[in-house]
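Participant: Chain by chain, the residues run as shown.
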Amino acid sequence: MSVQLESIAFNHDSLGHASDALNIRRNEATAVTVPEWQRGVSVQPEDSPAAYAIAAVQGHTPTIKAAFRRTSGEARCVHVRALDVKGRRGCLYAIIEALGLDRWLRPPPASILGTVAKREVCFDVNGLSGPVSFELPHHRLASSGVARDEVMWQWQYRDGGGAWQQMGFTSHEIFAVLDVPTAPWQQQPSGSANVQLPWADALRHGCAWAAGSQSADAATGTVTEAVYALGGSLVEYDCPGGGSSHYSLGNFDLTAFLDRLSGGPGNGVYVNCSDCATFVSTFANLVGGDVWQSRMGWGFNLNPLLAIGSSVWQTACNWGGFSYHEVAWKGACTANEHVFDACLQVDIDAHPTVAPHTGELPRNMRFGNPGDGDYRDRLSPSGTCDPQPASRQRRAVT
Amino acid sequence: MQSDPGLLAILRERYRFAEWSEGTGGAKDPLRVTPLRGTELPGWRLERGSTSTPRPGVSLVRGMWLSLAGNDRLMDLELFECDSASAARLLLLELLGDMQGPPANRLPPDALGDVAFNVGADLTIMFVRANVAVRLRNAGRNTTGLTAEAGAIDALLSAGDAAR
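Protein chains in written order, with this note's numbering: chain A, 6 to 403; chain B, 1135 to 1298.
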């Protein structure tokens, strides 16, 4: 009697996400096929990606659907389970505990999906089970916050009351985001032609940047920090080109940006405010945020600022002013809403026009009206720096 | 890529758009931009090329070029094919408005294309030839003037070699 695992589907219901994974794709060119794990096809965790929306699965027990083949023997039904390799402590840890060393030597936490609960699997006359639903009762999605995890399961079966027999190991790349991604990301239509489905290649960066975040504001703030931190090594503000956009003219050239993040040329080293606002908004909205790309303008003077990739406080390339500026902006994108700006640090002390400067990256900072001491006053001493909510958008990804 | 009407009104005034908004050519025998082959610019190697439709009526052919001189110079070339010469000029105005910094400089009428602008010492050049708007920019930290490259692209457009 022997049984082998044929496939595992994480996103087994493309119309819902309360008990299964989201509809995702790998990148612009490549879709994720379901079942995500297939015998002989999936080897590395990245070969089998899945993403869960924490808010959507709250109060539910996620399930996967796995299919099996009986390769020998006559048993009509067996029991199947999968152990969480990360969560197993083993004999060595029992010794460590016995010696009282477990205060210093802690095992790694269990994987985000935990174990696969045992259940009965029956085979048809051809020895096939078809997709069988398994519960993941020990998942940690409720407490993980934004996360990326590599889950490794050890699959086992047993016939009647016999010993558990090994079926092999599978590994999966699992993303946890706070809620169903907001625009430009979509869940429908779920077909492979829809390039606005969340990209696993983008989730890999977004979940790393916002790791552990438990709220949309926290996630958007950490994404803002991460984008600004790309300055110096990967990107810098576009002084030679007059501050023009390199990744966000029209749509967001996410393919080029991911190429840049992976060490390729992408669309080059230079970025402007529209690029930074688009990076923040798109990645934040992927992991549970909900912010726009919106502008202020049209023509205003600047206080000294610390542009992305620069170590010099100056008025952006010493230009003195901006014709416009663009940030990631909440809600209606008016003076009362809050902004996230990964393009520059502003001076938050009592005298933002002169040195010394007390720099702060605007994260969830109210835009404000002149004299309020909010973002607007920190950025600009004079000129027309009014919110332009009609400009708000969420650029499609390409 | 659609500029805000308020910003567009300011740009029309800033760049005296009325003086150069109406172009000729493109209506009867429009230039058709083809995907980059990598042979268009001697001394440069095409690193990545792409085609897209940033909005209805506009096709974009884009290429990132690495200098073969071994100096880590990277150049971004964009060719926007529009429905008409007038549409290409309006798109050029939008490209000018894409800059947060000070206004670009208009080049003399016979310098390049039908109408052209630059930033700095030709670190960025934008021009229109018939129904095609072109933007060349430095994309690497080691910057260089792009006068010769812009001239080469304009010559190809004029000869129909980069466009058919």
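Since the hints were made in silico from the structure, they are not lab data. Even glycine gets a Cβ: it sits at the ideal position worked out from N, Cα and C. Treat the hints loosely; a few may be bogus.
To be verified - Listed next, the stretches of chain A that the computed footprint assigns to chain B, with coverage defined by at least 3 CB atoms under 8 Å from CB atoms of chain B:
1. 8-20
2. 249-256
3. 388-398
Participant: A separate judgement is required for each hint: does it hold in the structure or not?
Facilitator: Against the structure, the hints come out as follows:
Under a criterion of three residues with beta carbons nearer than 8 Å to beta carbons of chain B, the stated coverage of the region 8-20 of chain A fails, only 0 such residues being counted. Against chain B, the region 249-256 of chain A contributes 6 residues with a C-beta closer than 8 Å to a partner C-beta. That satisfies the three-residue criterion, and the hint holds. Check result for the region 388-398 of chain A against chain B: holds, 3 residues qualifying (beta carbon to beta carbon below 8 Å, three or more required).
Going through the hint list in order, the structure does not satisfy hint 1, though it satisfies all others.
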